[in-house]
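Peer 1: Below, each chain spelled out in residue letters.
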Amino acid sequence: MRTGRIGRRLLLGGFFLLIPVLLILFPPEPHHCDPAQDIICRPEFVNDLFETPTIFSIGGFAVNRAMLLMFLAAFVAIGLLWFAFRRPRVVPTKFGAAMEAVVGFVRDEIAIGIIGPSGAKYLPYLLSIFLFILIGNLFEVTPFINFPITSRMAIPAFLSVVTYLIFVIVGFAKNGLGYLGGIVWPKSVPVGLRPLVGLIEFVSTFLIRPLTLAVRLFANLVAGHVMLTLLLASGVVFIAHAGDIGARATIGIGWFALGMAIFLFEIVVALLQAYIFTLLSAVYIQTSVHPEH
Amino acid sequence: MEEISGALALIGYGLAAIGPGIGIGIVAGNAVQAMARQPEAAGMVRTTMFLGIAFTEALALIGFVLFFIA
Chain E
1 MRTGRIGRRL LLGGFFLLIP VLLILFPPEP HHCDPAQDII CRPEFVNDLF ETPTIFSIGG
61 FAVNRAMLLM FLAAFVAIGL LWFAFRRPRV VPTKFGAAME AVVGFVRDEI AIGIIGPSGA
121 KYLPYLLSIF LFILIGNLFE VTPFINFPIT SRMAIPAFLS VVTYLIFVIV GFAKNGLGYL
181 GGIVWPKSVP VGLRPLVGLI EFVSTFLIRP LTLAVRLFAN LVAGHVMLTL LLASGVVFIA
241 HAGDIGARAT IGIGWFALGM AIFLFEIVVA LLQAYIFTLL SAVYIQTSVH PEH
Chain Z
1 MEEISGALAL IGYGLAAIGP GIGIGIVAGN AVQAMARQPE AAGMVRTTMF LGIAFTEALA
61 LIGFVLFFIA
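Line order of the protein sequences matches chains E and Z.
Just so we're aligned: 133 in the working numbering is position 133 of the first sequence, and the numbers increase by one with no gaps anywhere.
Just so we're aligned: 32 in the working numbering is position 32 of the second sequence, and the numbers increase by one with no gaps anywhere.
Don't read these hints as lab results, they were simulated from the structure.
C-beta: ideal position from N, C-alpha, C; glycine also.
Some clues are possibly wrong.
[As the list claims (entries may be wrong)] A few chain E residues that face chain Z, going by a derived Cβ cut-off under 7 Å, partial list only: (1) Val91; (2) Thr212; (3) Arg216; (4) Ala223; (5) Val226; (6) Leu280.
[Claimed, not checked] Have a look at the derived ranges for each label pair, beta carbon to beta carbon: (7) Ile62/Z to Met227/E: 13 to 23 Å; (8) Ile62/Z to Lys174/E: 27 to 37 Å; (9) Pro88/E to Gly12/Z: 46 to 56 Å; (10) Pro88/E to Gly14/Z: 49 to 59 Å; (11) Ala41/Z to Thr142/E: 35 to 45 Å; (12) Glu40/Z to Gly60/E: 22 to 32 Å; (13) Glu40/Z to Thr52/E: 44 to 54 Å; (14) Ala41/Z to Ile245/E: 54 to 64 Å; (15) Asn64/E to Pro39/Z: 41 to 51 Å.
Given only the sequences and the hints, what does the whole structure look like? Please build it.
Peer 2: Here it is as structure tokens:
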């Protein structure tokens with residue numbers, strides 16, 4: 001037991017040591033940059049961090065790295081659930097128990113906890129987006145992938161549109177036109193204020209909700225990716241050019257250490273943003289299922 | 001005016017982030033107080049805190065979008 005724990009710690013420590021070693025062995029090529037002139041090379045465009053070149057195209061559809069990673073995230077999500085639950089057992093394996101904890105968390109804390117007893121119906125959707133976003137976010141800190149697919153606006157926007165369609169359709173299906181009426185003419189507000197509150201509620205429900213849902217995920221991942229790239233890359237560039245700039249290269253160690261701290265922070269952000277996206281989807285569905293609340 | 005538009009957008013986003021920053025601080029601070037007073041309700045408080053933060057963030061996020069549009 002004791003040796004096992006020490007071994008696991010060594011493994012974890014080795015993982016974090018491996019990344020700096022790999023980055024120094026294979027430094028990212030600084031483009032169009034003459035270190036003899038000026039060590040701090042401005043990146044040409046921040047967009048370059050998020051544009052991936054087309055790898056091949058199928059009948060006019062260009063396939064790039066982000067798309068392949070998107071499929072990979074979907075397959076990983078399906079694979080995790082498939083391997084955990086293909087053969088139900090009385091005593092689950094360690095991996096099965098871990099996946100059961102994830103599914104149980106989404107079901108009890110998010111689906112049933114927020115929407116209520118009828119929320120189990122929405123578990124498949126909530127679990128799918130939770131796992132897909134989580135894996136997409138964790139690609140940011142996965143060595144050799146290092147690209148969060150959720151930092152391309154298309155993916156958060158699409159997921160947010162799906163949530164939007166679900167809560168609008170559920171709202172109209174459960175309450176008929178009373179759903180819209182309850183939003184633009186709220187009964188719980190004094191009559192004089194109803195037009196004003198109704199307008200605010202309408203804008204917030206049908207315009208602000210999908211926008212912020214998508215932008216929250218997108219903005220967090222963009223910020224994280226830019227921060228990680230700048231800190232780790234500048235650390236490597238400074239250290240790699242130690243021969244040219246001498247003692248000034250030691251500042252690279254500081255940048256790199258800060259980058260590794262942000263690296264850990266980004267793992268937390270990835271988990272938290274997947275949770276918040278799923279939680280808010282559940283809350284929006286809940287307001288359609290029980291609109292009087 | 002073209003060459004200062006980027007800087008103006010940056011200042012605008014900075015201003016837009018003040019309010020949500022204060023708001024998120026209030027939400028999180030009060031959630032910590034609630035959890036310290038009633039540790040048995042910590043799970044519920046945490047969920048509500050994330051919801052409150054998510055709604056408070058909305059203005060900062062709209063500022064972020066405007067920064068890209070500007």
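Peer 1: Next, verify each hint and record whether it holds.
Peer 2: So, going through the hints one by one against the coordinates:
Below 7 Å, beta-carbon pairs count as interface contacts, and Val91/E has none with chain Z, the closest being about 27 Å; its hint is therefore violated. For the restraint placing Thr212/E at the interface with chain Z, the shortest Cβ-Cβ distance is roughly 5 Å, inside the 7 Å limit, so the hint holds. Because the beta carbon of Arg216/E sits about 6 Å from the nearest beta carbon in chain Z, less than 7 Å, this interface hint is met. The beta carbon of Ala223/E comes no nearer than 9 Å to any beta carbon in chain Z, farther than 7 Å, and the hint placing it at the interface is violated.
Given hint, Val226/E at the interface with chain Z, is violated; its Cβ is 13 Å from that chain's nearest Cβ, farther than 7 Å. For Leu280/E, the interface hint holds, the least distance from its beta-carbon to any beta-carbon of chain Z being 6 Å, beneath 7 Å. Here the CB-CB span from Ile62/Z to Met227/E is close to 22 Å, well matched to the stated 13 to 23 Å. For Ile62/Z and Lys174/E, the Cβ-Cβ distance of about 30 Å falls inside the hinted range of 27 to 37 Å, so the restraint holds.
Range check, Pro88/E to Gly12/Z: about 55 Å between beta-carbon atoms, so the 46 to 56 Å window is met. At about 54 Å, the CB distance of Pro88/E to Gly14/Z agrees with the hint of 49 to 59 Å. One distance hint, 35 to 45 Å for the beta-carbon pair Ala41/Z and Thr142/E, holds here, with the actual separation near 36 Å. As the Cβ distance of Glu40/Z to Gly60/E is approximately 59 Å, the hint placing it in 22 to 32 Å is violated.
Between Glu40/Z and Thr52/E the beta carbon distance is about 48 Å. The supplied range of 44 to 54 Å therefore holds. Our hint of 54 to 64 Å for Ala41/Z and Ile245/E holds, since their Cβ atoms are close to 56 Å apart. Judged by the Cβ atoms, the range 41 to 51 Å given for Asn64/E and Pro39/Z holds: they are separated by roughly 49 Å.
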